[in-house]
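The chain contents come next:
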Amino acid sequence: MTSSLLFNITTLAYLVSMVLFFAFLASKNKSLGIGGSFAAYAGFIAQTIAIGLRWKESYDMGHGHAPLSNLYESVVFFTWTIILIFGILDLKYKYRIIGAFVVPFALLGMAWAQLGLPNGIEPLVPALQSNWLLYHVITCFLGYACFAVACGISIMYLIKIGSESADSNAAAGGVVSMFPSARVLDDMNYRSIMIGFPLLTLGIITGAAWANYAWGTYWSWDPKETWSLIVWFVYAAFLHARITRGWVGKRAAWLSIIGFAATIFCYLGVNLFLSGLHSYGGSR
Amino acid sequence: MRTGPQSHFRRTFLSTTNSGFLQSLWDFFCSLKLAISLIITLAVTSIFGTIIKQNGTLEELQKEYSAGTIKLFDALGLFDMYHSWWFILLLYLFTVNLTACSIKRLPRVWKMASEPTPFLDSGLEKSLSNVYSFIAKGQATQVKERMTDFLKANFGAPVVTERDGEIHLFVQKSPYSRLGVYVVHLSIIVVFIGAILGSLFGYKAFVNIAEGTETDKVYTRTEKAIDLGFTVRCDKFSVTLYDTGAPKEFRSLLTVIDNGKVIYDKRPTIVNDPLSYKGITFYQSSYGPAGDPIYHLTARARNGSFNIPLTLRQGQMVRLGDGSTVQVVESTPEVGPMMPGFSGPAARVEYTPVGKPPQLFVIFKNFPNFDDQRGGEVIFTYDGSEEKFFTGLQVAKDPGVWVVWLGCALMVVGICIAFFMSHKRVWIRIAGGRVVMAGSASKNPTGFGILFDGLVEKLKQVEKH
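Protein chains in written order, with the working numbering: chain R, 1 to 284; chain P, 1 to 465.
Only chain P is shown next, with the shape it has when bound in the complex:
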């Protein structure tokens, strides 16, 4: 580890206050070895939480683990490990390490970027690997002009300074690209700040709203009620399916009412298109039946003696005019996947004629004449069902999310600067007829070597004429 002037100063300063401990603590947190160890530790420990069930109920855990294991894992916080004290501590250590490393290195890097070295003295020349020198023809001022024009044409307009009878030309490109890596470090801290803001001032909740009803409260995972400050009504919920029977769309029509004023009227809310109001966002998440469905059937006697519409619940037995009974055993909105060749809603019906054993058969909404073929005394048609659903909505309020996105944007910009830009510098020194050109780059020495060799070739061409 190199010791910069800054930390040297710190060391002297701290040792005069007899704080060897503080100094070693600082050195510990500034160490790149600690950074690599922390990154690897975070990576390895993160694996546990992907293997061990997180936030399961006690019953779920008992199915998978023995009592002793549960006790041990629970003590180690492994059942909610990403929020356990030691994982959070690791994240804090990581943040402190990141900050300390940046604070330690930033002043030197900042100086390199903001205070360029326009002179190519012999010490600097020796430290550079890209150096080319030759004897130039003509007066010093002529050489100076030639070299200035050369740099202007091939790399960039140089700063010209004279010192002790030597002329120094200096050009640099993107000096602040040296800061890219610190932008990345900062971005990680910004993301953490956003996450902390979200956990302090936001919440994640859910709510189930039955069709036709409304709510002004939502519930957290621990069933704590949160007042929305406005009302949300579910006017309708519907599922559409593909021909294959796979779900195509889950849609809730939501109405938002604030202080008696309708803000959104029957706004469709589907997966991947949430509804937002006053910083609170509602996401289509699940659905289910709200109460039993009601079935509509028609029973028609083959001899024409009766033709009556029936309305019944699942399992409810209804007696027909001739004393026979009928009930719906089960139903489906789409029969296709179960019975190839058929489509649409269908119901399985149990019909018991007087003095005979019960008969089980299926009737289809899309094939009203189908039951005719059964040949029974009574012919049934299925006219469909009325099913009430509830819609399950995820509810989130996260005022920190924009800070997180800002951090992400910074991270992408920082990574691009850090990887794809480099601080390139080229010097030319003219002294007593001798010209020395030298260059360096903060990154990608091979690439810069090629660029420098190209410059040398062009310079040779210029000097030939």
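Pulled out of the complex, with its shape left as it was, chain R reads as follows:
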């Protein structure tokens, strides 16, 4: 059993999960929803083992390091954290329909990683040889995953609100009737960001600490740093907006979606379009 075979199984499991969740949406058949959750969990277990195996394989090759060192590994880890956060929400709040809007993010990530990214295990370049790598990457991606989940929930919220205002009678029969109430969605959006924001803060701080340790500058307005601050600002605005009247609900949902778009740009866009200190992505 190799890690790459297990990663393919993971991708397949997330695909099955997404299809089941969509079928659940269309048919309202509860067992399809349970199936969707189980497929996601099965994929998650396979992925956990695969990440562990890849870690071990890197040691077998003689230059062992945590599998968090290039774009492929980071995308795989990102999808893992998305399913982790989804699983926690699913088990805690029992609104598994959220899976229909969150699992696609994970599937997209895994499919891109498996089909489009070089997956070789490379030795660590000197800049990455530090324990800070682990702390920094784990906190950042857990934060990103919370924002991904919040974005999915916000999309659900906007659909729900849109259909309710359009025609209350038609909505009762549509897929939207499966959604939790708008109030619950708004609350869960807030809760996901409430977990994600401290994690992002820790991610930025560990990044700054590492930069200071490795280069002697904790903040140099590098594009990656700046974009992480932009993301932090967007969610800080979101949190403050909640205590002013008129900024809950629709506007909060939009801020959450904008925040996740900024997160994705911070994660991928900066590497693909701008230059900077983070080595993954681009042509390397």
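Keep in mind that a hint or two might mislead.
Unchecked claim - Below, a list of computed lysine to aspartate or glutamate pairs in the EDC-like style, where the Cα atoms sit at most 16 Å apart:
| no. | chain 1 | residue 1 | chain 2 | residue 2 |
| --- | --- | --- | --- | --- |
| 1 | P | Lys-248 | R | Glu-122 |
| 2 | P | Lys-53 | R | Glu-122 |
| 3 | P | Lys-443 | R | Asp-187 |
It should be emphasised that the hints constitute simulated quantities derived from the structure, not laboratory data.
Since this is a predicted model, take the numbers as computed values, not measurements.
Got chain R sorted already, so can you dock chain P onto it with the hints?
Frame of chain R, contents of chain P only:
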């Protein structure tokens, strides 16, 4: 926006001094709308600096932008925008706003945390959404004891007070969690103070030290020399590579000498493991050749007439005994990535026999017999090169960095308090056989509602028996 007693006082006070302007200025800076606008403005303007090249040389800028654009961007400070006057001004406004908002709200919040309301009067009862009441059996003192025990067992030991024949029980948890958000605000100011300290009393510099040489000066970005007050010597610099040819380690052996005393002797300094002395830290950052490398070759005649070691610089032509000439054209410490199947150092050599056209070929240190196969009259072996490097060190002194870390620690603690803790309060009032239980929390009303409903269920159980 709610108007607390504090700002009411301020308003009356200020209006008597005819300072309507000051009042509106204060209100402006206390506004949450300003805070949200500033945060969004900072986020949006920050994008410019990630798209427009920062701190580039004029030549670099001319490649990307027209003369007019350069003039415009330069006037707007967009080429060093994070240090431009307007961005710094935004940061100052943000700080003032943060401070004003905190000053305005803190007294009321502090009062709520430090001066609990142990009485559940009817006004308070009406303002709470979690209320449960019932008729209790038995004497008032018995009911009081039952309720006290109930709270003690299920939520916390209550404070019991009697007033106007009514008995009030009150328990609260983590009242100071209300201050979490102000800890976060304070932490941001602490981080800023640390950054200002660093920029006033610290510096960022760099220095290149060739192997075997030393320096007591480093240079800022504007080439200004700074005296270290001690000497740093680079004894050796080396690069190690993985099999793939990717760099594995950049290592400088640094010796620090202060007043003739050796403080560090040949201490390895690698990326992610800097050297610190007297608050000044040296970071392995770059390297390069210091002067031309020297090559060692051996030329051996196939007929055995000569076998001589050669020492030559790149491009330097050397004449052999038979009148032919040889020179090294280029070299590499690791040939693997360029020529699969080979490894180790290699040199490309140009050999010109007498009266014949020059021949170009590669010789390898790890394959000394390789050149034999070329079949030439003279067989070359490559014995390696001696290359002197310089090590490029980033040098930083930042006395404010610990203040920044203190601010970061405060921020994490503050955020955790602000998000994950809440000031929970539960009251019970006993009056004329009627018992009223009520509760509130500063955050997460849904979660507290569930907790309160649980309390009610348990209370019903207790009262059944």
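Quick rundown of the hints versus the structure:
1. For a cut-off of 16 Å, the pair hint linking P:Lys-248 to R:Glu-122 stands: about 11 Å separates their Cα positions.
2. With a C-alpha separation of about 31 Å, the suggested pair P:Lys-53 and R:Glu-122 falls outside the 16 Å cut-off, and the hint is violated.
3. With a C-alpha separation of about 12 Å, the suggested pairing of P:Lys-443 with R:Asp-187 holds against the 16 Å cut-off.
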